[in-house]
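Colleague: Now for the letters of each chain:
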Amino acid sequence: MSQRAAPAAPAALAAQMTHGPTGLKAWLTTTDHKRIGLLYFWTAFGFFLIGGIEALMIRAQLAQPNGHLVSAETYNQLFTMHGTTMVFLALMPLSAAFFNYIIPLQIGARDVAFPRLNAFSYWVFLSGGLFLNASWLTGPLFHAGMLNVAPDGGWFGYANLTERQFSPGPNIDFWLLGLQILGIASLAAGFNFIVTILNLRAPGMKMMRLPTFTWMTLVTQFLIITAFPVITVALVFVMFDRFFGTHFYVHQAGATPLLWQHLFWLFGHPEVYILILPAMGIVSEVLPTFSRKPLFGYPVVVYSGILIGFMGWGVWSHHMFAVGLGPIADSVFAATTMLIAVPTGVKIFNWIATLWGGDIHGTTALHFAVGFIAMFIIGGLSGVSHASPPADLQQTDTYYVVAHIHYVLFGGTIMGLFAGMYYWWPKMTGRLLSEPLGKLHFWLQFVGMNLAFFPMHLIGLLGMPRRIYTYGPELGVSDLNLVSTVGAFLIGLSILVFVFNMWRTSRHGQRASNDPWRGATLEWSIASPPPVYNFSVIPTVTGRLPRWHTERHPAIQDPPAVPPAPIHVPGGSWWPMVAALGLPIMALSALTHTLWIVFVGVAVLLFGIYRWAFEPFEV
Amino acid sequence: MTHSAVAHHTSMGLDSRKMAFWTFIGSECLLFGTLISTYLIYKGKSVVGPYPHEILNIPFTSVSTFDLLLSSLVMVLALAAVQRGDMKWAKIWLLSTALLGLVFLGGQVIEFTEFVHKGLTLQTNLFGCTFFVLTGTHGAHVAVGVLWLLTLWVRAVQGKLGPANAMTVEITGLYWHFVDVVWIVIFTVVYLIQ
Amino acid sequence: MTARDERGNVMGQGTETGQHAHPTADVYVRVFFVLGILTLLEVGVFYVPAFHPVLVPVLLVLSAAKFTLVVMFYMHLKADSRFFTFLFGAPLMLAVAVMIALMFIFYGTLTLRGAAGAG
Numbered sequence: 001m002s003q004r005a006a007p008a009a010p011a012a013l014a015a016q017m018t019h020g021p022t023g024l025k026a027w028l029t030t031t032d033h034k035r036i037g038l039l040y041f042w043t044a045f046g047f048f049l050i051g052g053i054e055a056l057m058i059r060a061q062l063a064q065p066n067g068h069l070v071s072a073e074t075y076n077q078l079f080t081m082h083g084t085t086m087v088f089l090a091l092m093p094l095s096a097a098f099f100n101y102i103i104p105l106q107i108g109a110r111d112v113a114f115p116r117l118n119a120f121s122y123w124v125f126l127s128g129g130l131f132l133n134a135s136w137l138t139g140p141l142f143h144a145g146m147l148n149v150a151p152d153g154g155w156f157g158y159a160n161l162t163e164r165q166f167s168p169g170p171n172i173d174f175w176l177l178g179l180q181i182l183g184i185a186s187l188a189a190g191f192n193f194i195v196t197i198l199n200l201r202a203p204g205m206k207m208m209r210l211p212t213f214t215w216m217t218l219v220t221q222f223l224i225i226t227a228f229p230v231i232t233v234a235l236v237f238v239m240f241d242r243f244f245g246t247h248f249y250v251h252q253a254g255a256t257p258l259l260w261q262h263l264f265w266l267f268g269h270p271e272v273y274i275l276i277l278p279a280m281g282i283v284s285e286v287l288p289t290f291s292r293k294p295l296f297g298y299p300v301v302v303y304s305g306i307l308i309g310f311m312g313w314g315v316w317s318h319h320m321f322a323v324g325l326g327p328i329a330d331s332v333f334a335a336t337t338m339l340i341a342v343p344t345g346v347k348i349f350n351w352i353a354t355l356w357g358g359d360i361h362g363t364t365a366l367h368f369a370v371g372f373i374a375m376f377i378i379g380g381l382s383g384v385s386h387a388s389p390p391a392d393l394q395q396t397d398t399y400y401v402v403a404h405i406h407y408v409l410f411g412g413t414i415m416g417l418f419a420g421m422y423y424w425w426p427k428m429t430g431r432l433l434s435e436p437l438g439k440l441h442f443w444l445q446f447v448g449m450n451l452a453f454f455p456m457h458l459i460g461l462l463g464m465p466r467r468i469y470t471y472g473p474e475l476g477v478s479d480l481n482l483v484s485t486v487g488a489f490l491i492g493l494s495i496l497v498f499v500f501n502m503w504r505t506s507r508h509g510q511r512a513s514n515d516p517w518r519g520a521t522l523e524w525s526i527a528s529p530p531p532v533y534n535f536s537v538i539p540t541v542t543g544r545l546p547r548w549h550t551e552r553h554p555a556i557q558d559p560p561a562v563p564p565a566p567i568h569v570p571g572g573s574w575w576p577m578v579a580a581l582g583l584p585i586m587a588l589s590a591l592t593h594t595l596w597i598v599f600v601g602v603a604v605l606l607f608g609i610y611r612w613a614f615e616p617f618e619v
Numbered sequence: 620m621t622h623s624a625v626a627h628h629t630s631m632g633l634d635s636r637k638m639a640f641w642t643f644i645g646s647e648c649l650l651f652g653t654l655i656s657t658y659l660i661y662k663g664k665s666v667v668g669p670y671p672h673e674i675l676n677i678p679f680t681s682v683s684t685f686d687l688l689l690s691s692l693v694m695v696l697a698l699a700a701v702q703r704g705d706m707k708w709a710k711i712w713l714l715s716t717a718l719l720g721l722v723f724l725g726g727q728v729i730e731f732t733e734f735v736h737k738g739l740t741l742q743t744n745l746f747g748c749t750f751f752v753l754t755g756t757h758g759a760h761v762a763v764g765v766l767w768l769l770t771l772w773v774r775a776v777q778g779k780l781g782p783a784n785a786m787t788v789e790i791t792g793l794y795w796h797f798v799d800v801v802w803i804v805i806f807t808v809v810y811l812i813q
Numbered sequence: 814m815t816a817r818d819e820r821g822n823v824m825g826q827g828t829e830t831g832q833h834a835h836p837t838a839d840v841y842v843r844v845f846f847v848l849g850i851l852t853l854l855e856v857g858v859f860y861v862p863a864f865h866p867v868l869v870p871v872l873l874v875l876s877a878a879k880f881t882l883v884v885m886f887y888m889h890l891k892a893d894s895r896f897f898t899f900l901f902g903a904p905l906m907l908a909v910a911v912m913i914a915l916m917f918i919f920y921g922t923l924t925l926r927g928a929a930g931a932g
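Chains as they are written, first to last, in our numbering: chain A, 1 to 619; chain B, 620 to 813; chain C, 814 to 932.
Hints listed in this document are in silico derivations from the structure and should not be mistaken for laboratory results.
C-beta: ideal position from N, C-alpha, C; glycine also.
Careful: at least some of the hints might be erroneous.
Now the in silico label distances, taken between C-beta atoms and shown as ranges [to be verified]: (1) C:842 <-> B:679: 21 to 27 Å; (2) A:144 <-> B:777: 49 to 55 Å; (3) C:916 <-> A:555: 26 to 32 Å; (4) C:862 <-> A:323: 53 to 59 Å; (5) C:870 <-> B:778: 47 to 53 Å; (6) C:862 <-> B:778: 54 to 60 Å; (7) B:777 <-> A:166: 50 to 56 Å; (8) B:666 <-> A:68: 41 to 47 Å; (9) C:877 <-> B:722: 24 to 30 Å.
Chain A residues, not near chain B, derived (Cβ > 12 Å throughout) [said to hold, decoys possible]: (10) 19; (11) 146; (12) 294; (13) 314; (14) 387; (15) 601.
Whole structure, please, built from the sequences with the hints as guidance.
Modeller: Below you can see the structure in the form of structure tokens.
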């Protein structure tokens, strides 16, 4: 199924040759990193909207005391699914959309190292996300009502609530099986991107000439491949406890539910760095471009990112300061947690120094990048306050933590991702998002998020716990909750503005040139969107900012519009998708307690893998 | 099998598939590390028996261990044969590796059955669940390896395996040796250090 | 001109610079015998009561030696690019560090119940 992109052909054929075949089959079998990136983007954005609706329902319920919009059981499902969806189905895959689309372009490659494995990752992600969300609709299949069997144990599923004894329904099964499926997608992509970034760089692209986004992605992938196996095992233990009567987390057998917390947070803390580092990478690209100045202290920013990756493994029990670890463990983790603020702080100073004295172009992307810095500082400050065990004893399990989480993940990651969207939209779609609508989106979102999440610091310290479906008026947090709800709906409005912007741009958006922003990195040297082969000639780089004229080197020539010779482009393949389908089938077997289905799933998986392995496929 | 990356120049001068596989092995260290950590945390904490010293059969397991070590030798001989184009011996060694793997699995089946008869199941106590999930995960990895080796052997019999596919066989070997190395750790930590 | 098969793939040993000449079968067989001896020693230490006070450190050293031999020779890490050693070694060290940390954290926190016997 391979094809050749030829220099001279009739117009329509040329268009197809340049951008790849169209049609459903082309998209289902694609192994092109750009198309896979777009698939990730749209799927993840869809899940982001679902997670957002879940958030709005939570906020509507909490807008006033003794709310009765939803029952307690439904509320538990809402906050569980909101967290799980946002972390695993929105933030990570939105980052993955950029990994997929942008990384090969930034390193001067034609695709990732293993294009079919890349497609496999996407299809597994899609099936995992659908599996998880199917729980909203499949209640009747389990002799329960609709909206009854979605996961309801929190996104962190603490044992022993997750034991069959305390969660007899399929809710937790949906959760653990869905997460296992998603884990495989992330791991596969991790191996792919590590090899891609290390091994497929253009000539002259030394490691310390990599764009910062690529560096942060590399660190993120190492975190993924080391952290996900831990949660995989932890979930296997939950699964065995629930399905096979083991006692990994059962107190009476001599075990401890604390083991779950340790294993979960051993994964969970690296996971939050997995969530933030890509956004930090994006910000590190956007700021220099719109300050017309190189990133201040690039090596320091890179080393800080690496350091954050390593140190992120040493802090996990700061999520457990309230379980009684003892003074030694508490002190050790307090110290490591305070230390990890240092490389993060260093980056913030480097970003500010990048802007300082720069020729500022206030694009929407820059607004979001600067917003990231400000909001992340606030989130970081509440984070540092959590690092002190005595302070954290007051804060943990209250809305203070919810404030922290959302400042770093919404004010941080999501703002960073929107910066990336406005920045790379022209490259990915060939059109520029409207700047006025973008600014409106930004300000609505900025005001909305601060209204939504700042009061939560106060609400938490005033004593409102997390994960309660309602609260009494005597707690004195009613007004602040109402403000928070207003803020949340304002965020929703801002997202609608963005959706409108996307739609309008697709119809009437200004067409983008190669390089609407005068960027320094290689992705701006090719057409928007790029031809299927990316670079007609693989560039040779001599510096970190190849497209800028610097003291050390002139700007490189962009590759010619037409390749000098036919470029081989691998075609598509069905087998990654087929293999991917084996996984939800296996999960279905467990979900329905029907053994024979797992053999069908394994057979589908093996069939897909064998056909994949023996298929002629040249990169 | 595909050899996509071989014909292309790579930034680090290393084969992309080999690099991917070492990365995967690194990841698996965390997987088995977590399983072994859990075993160690719960060691000696079972509320009821049977306990390790009552059940573990060191002579039997030592033979299994030798079997797996021998299979590693034979695997590396298979690779050497493929690299020099000696497909006759490549087939013999590949099949032998698979068979030795099957012998190991057979030994696990016998051992597990014994344990169940003596009253140790997944559900009995902490020793049961940690032991069976750890060694079961390892055994599953061995089974996948056996399937992988038999696939290669069939390809060789069909004349579709040769020195051009040496990297594929090398990667198979990396997987197989890693599985052996995990067993080395398990044998010591579970069986010998009781 | 490198020899290529009909699919354009390079034939013979890897052309990538990360790989060196492979040891002969001789070396592999000798490594196997060393592995066998180490295993016998391990089992011996287990059975000989005199060694029981030092059982744990001796077994850890012996098994680490076996581990290293298989990884360095059979998995060819000794002769291959140091980068592969990093790709394997860093996560391995991480796993060991996590294991040690967990053991410290859990030490003494789970109560022994009854006369559980050895192990």
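Colleague: Confirm or reject each hint.
Modeller: Against the structure, the hints:
1. C:842 <-> B:679: 21 to 27 Å: For residue 679 of chain B against residue 842 of chain C, whose Cβ atoms are near 25 Å apart, the range 21 to 27 Å holds.
2. A:144 <-> B:777: 49 to 55 Å: Roughly 52 Å apart at Cβ, these two residues keep to the hinted range, so it holds.
3. C:916 <-> A:555: 26 to 32 Å: Since the Cβ atoms of residue 916 of chain C and residue 555 of chain A sit about 56 Å apart, the hinted range of 26 to 32 Å is violated.
4. C:862 <-> A:323: 53 to 59 Å: With Cβ atoms ~42 Å apart, the hint is violated.
5. C:870 <-> B:778: 47 to 53 Å: For residue 778 of chain B against residue 870 of chain C, whose Cβ atoms are near 52 Å apart, the range 47 to 53 Å holds.
6. C:862 <-> B:778: 54 to 60 Å: The hint (54 to 60 Å, Cβ to Cβ) holds, given that residue 862 of chain C and residue 778 of chain B are roughly 57 Å apart.
7. B:777 <-> A:166: 50 to 56 Å: holds (54 Å)
8. B:666 <-> A:68: 41 to 47 Å: About 45 Å separates the Cβ atoms of residue 666 of chain B and residue 68 of chain A, which means 41 to 47 Å holds.
9. C:877 <-> B:722: 24 to 30 Å: holds (26 Å)
10. 19: holds (23 Å)
11. 146: Fine: 35 Å to the nearest Cβ keeps residue 146 of chain A off the interface.
12. 294: Check passes; 23 Å lies beyond 12 Å.
13. 314: holds (15 Å)
14. 387: holds (25 Å)
15. 601: Holds, because the least Cβ-Cβ distance between residue 601 of chain A and chain B comes to about 15 Å, which exceeds 12 Å.
Violated hints for the displayed structure, listed by number in ascending order: 3 and 4.
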